Structure formats: C-alpha cells, structure tokens
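Trainee: Chain residues, written in single-letter form:
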Amino acid sequence: DAMVIQNPRYQVTQFGKPVTLSCSQTLNHNVMYWYQQKSSQAPKLLFHYYDKDFNNEADTPDNFQSRRPNTSFCFLDIRSPGLGDAAMYLCATQGQLNQPQHFGDGTRLSIL
Amino acid sequence: DQQVKQNSPSLSVQEGRISILNCDYTNSMFDYFLWYKKYPAEGPTFLISISSIKDKNEDGRFTVFLNKSAKHLSLHIVPSQPGDSAVYFCAAFNSGNTGKLIFGQGTTLQVKP
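Protein chains in written order, with the numbering used here: chain A, 7 to 118; chain B, 3 to 115.
Since the hints were derived computationally from the structure, they do not count as laboratory data. Possibly wrong hints are sitting among the right ones.
Stated by the list, open to error - Straight-line Cα separation of at most 25 Å, BS3-like style, residue types lysine-lysine; simulated pairs:
(1) B:LYS102 x B:LYS114
(2) B:LYS39 x B:LYS73
(3) B:LYS102 x B:LYS70
(4) A:LYS44 x B:LYS7
(5) B:LYS70 x B:LYS56
(6) B:LYS58 x B:LYS73
(7) B:LYS39 x A:LYS44
(8) A:LYS23 x A:LYS50
(9) B:LYS7 x A:LYS50
(10) B:LYS73 x B:LYS102
(11) B:LYS102 x B:LYS7
(12) B:LYS39 x B:LYS58
(13) B:LYS56 x B:LYS73
(14) A:LYS50 x B:LYS114
(15) B:LYS39 x B:LYS56
(16) A:LYS50 x B:LYS39
(17) B:LYS102 x A:LYS50
(18) B:LYS102 x A:LYS44
(19) B:LYS70 x B:LYS7
(20) B:LYS114 x B:LYS73
(21) A:LYS58 x B:LYS102
(22) B:LYS70 x B:LYS114
(23) B:LYS56 x B:LYS114
(24) B:LYS56 x B:LYS7
Since the structure is predicted, the reported quantities are computational estimates derived from the model, not experimental observations.
Using the sequences plus the hints, can you model the full thing?
Mentor: So, in structure tokens, the structure goes:
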C-alpha cells in the first residue's frame, strides 16, 4: 500500500502557466520534503516542513512555493514555470530526524 | 560543492557475483548514511543505513561498510540478482542539524543473467 502518494504522476503545463503538484501521506510523519531531480543528477532539496514550520533552501528560486494545510498533505506551487523547471519532483516524509525518509513515486513535470 | 559523491555512474555485474557500489563524502559532521534504490518511474526506496558509530551493517544480501577516516562508504550486494538492477543513491545527513539528506548522483547497477 502506497504510503506517500503524489498526484499527478505526469504533468504537462505551458511556459509561464502556474502548476500545483500534490503529495499526501498516511504515515502521520512530522516532516515533509520536496525535491527536484533532473536526469542523471542527485535529488535536490527545495524545502521542507517540520510540522507547520517551513524551511526554504537558500538556493530555491522564489518561483517555487509550498503549502502544508495539514499533516497529511503538502503542495508544491510553481508560479511561472520555465523550461528549466522540467524535472521529476519527489515528495518525502520522515517521522523523526534520525530516521530514513520515505519517498513517493514522483511527478514528472514537462513544460511546453 | 558536492558533499556526497558517487564517482561511478554505472556498474555491470554477472548474476550471482558481488556488486560493490562506492560513495565518498566530505562533510565530517554527517553521522547517518543511507542507501536508496530507485527503479524507473518510481521514487527512491530506502534500502539500508549505517550510523557513524558503526563500521558495518548487514541486512540479508546487503551490507554497508563505513570507513570514517577515509570518508568512504560502500554497499555490497551478494549474491547479485537481476532484480537488483536499478539506480542506487548514497545519501548522508547530520542528525544534530536537520534531517536534510544530501544525495550522491547515483550509480546505475545492471545485473546480467
């Protein structure tokens, strides 16, 4: 049974058109992460929530925003996608900070 | 500044033989190290971890070795099976800071029947 669910699996949007990716979890984990992964590269952390506390990485573009309305859900908003934002976006959860992260299957975003 | 490096983009081994995947890190503050396996079109799946207070952790066919003085860890898979063919990511974090994982670039393992 999937414990970290990302929707949609594939998303196509137009250049400059806002897009939202969603992540839900059944693990009741405190921490949720969003990563961006481009081909043949390491996943790159964009931001994370510890409960309701939002932590942005210093090099995450302002174009990327996130919301966590409750423990189970977390959203990634890309306000004006550019061609360089085409990537796989991975959501992960973590119960405690010294435990492994659990990943969803990702959303592959394409920009036309 | 890449703090976690996997210098071999790919590795090919014969079924039944040992697979050894290597990883180097630069940050001496890392105290947990993990290996994730990733199949195409799926998210990374946690495989095995090791704390910096240990030098070896074994789980079935998978063993992770940590050499802190060399800042090097390796994943041994024995015997290798065709189903092990995937991308393997090494990752590390400092539990005293945040749970933020730093990933290597990944190594694609192909196990030939």
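Trainee: Each hint needs a verdict: does it hold in this structure or not?
Mentor: Structure-based check of all given hints:
With a C-alpha separation of about 35 Å, the suggested pair LYS102 (chain B) and LYS114 (chain B) falls outside the 25 Å cut-off, and the hint is violated. At roughly 21 Å between alpha-carbon atoms, LYS39 (chain B) and LYS73 (chain B) fall within 25 Å of each other, so this suggested pair holds. With a C-alpha separation of about 20 Å, the suggested pairing of LYS102 (chain B) with LYS70 (chain B) holds against the 25 Å cut-off. At most 25 Å may separate the alpha-carbon atoms for a hinted pair to count; LYS44 (chain A) and LYS7 (chain B) meet this at roughly 16 Å.
Distance check on the hinted pair: LYS70 (chain B) and LYS56 (chain B) sit about 9 Å apart at the alpha-carbon level, within 25 Å; holds. Among the hinted pairs, LYS58 (chain B) with LYS73 (chain B) is consistent with the structure: their alpha-carbon atoms are about 14 Å apart, no more than 25 Å. With a C-alpha separation of about 17 Å, the suggested pair LYS39 (chain B) and LYS44 (chain A) falls inside the 25 Å cut-off, and the hint holds. In summary, the hint linking LYS23 (chain A) to LYS50 (chain A) is supported, as the alpha carbons are separated by about 23 Å, within the 25 Å threshold.
Note on LYS7 (chain B) and LYS50 (chain A): the hinted pairing holds, with a Cα-Cα distance of about 14 Å set against a maximum of 25 Å. Restraint check for LYS73 (chain B) and LYS102 (chain B): the C-alpha separation of about 19 Å stays at or below 25 Å, so the hint holds. With a C-alpha separation of about 16 Å, the suggested pair LYS102 (chain B) and LYS7 (chain B) falls inside the 25 Å cut-off, and the hint holds. Under the criterion of a C-alpha separation no larger than 25 Å, the hint pairing LYS39 (chain B) with LYS58 (chain B) is consistent with the structure, at around 19 Å.
With a C-alpha separation of about 13 Å, the suggested pair LYS56 (chain B) and LYS73 (chain B) falls inside the 25 Å cut-off, and the hint holds. For the proposed pair LYS50 (chain A) and LYS114 (chain B), the alpha carbon gap of about 31 Å is over 25 Å, so the pair is violated. Distance check on the hinted pair: LYS39 (chain B) and LYS56 (chain B) sit about 22 Å apart at the alpha-carbon level, within 25 Å; holds. Taking the CA atoms of LYS50 (chain A) and LYS39 (chain B), the gap is about 16 Å. The hint holds against a cut of 25 Å.
Restraint check for LYS102 (chain B) and LYS50 (chain A): satisfied, since their Cα atoms lie roughly 10 Å apart, inside the 25 Å limit. Of the pairs offered as hints, the one joining LYS102 (chain B) and LYS44 (chain A) holds, with about 19 Å between alpha carbons and a cut-off of 25 Å not exceeded. Simply put, LYS70 (chain B) and LYS7 (chain B) have alpha-carbon atoms about 15 Å apart, close enough for the 25 Å limit, and the pair holds. Between LYS114 (chain B) and LYS73 (chain B) the CA atoms are separated by roughly 30 Å; this puts the pair beyond 25 Å, and the hint is violated.
Proposed proximity of LYS58 (chain A) and LYS102 (chain B) is supported: the alpha carbons are some 16 Å apart, at most 25 Å. With a C-alpha separation of about 32 Å, the suggested pair LYS70 (chain B) and LYS114 (chain B) falls outside the 25 Å cut-off, and the hint is violated. Of the pairs offered as hints, the one joining LYS56 (chain B) and LYS114 (chain B) is violated, with about 32 Å between alpha carbons and a cut-off of 25 Å exceeded. In summary, the hint linking LYS56 (chain B) to LYS7 (chain B) is supported, as the alpha carbons are separated by about 21 Å, within the 25 Å threshold.
The earlier numbered hints that this structure contradicts are 1, 14, 20, 22, 23.
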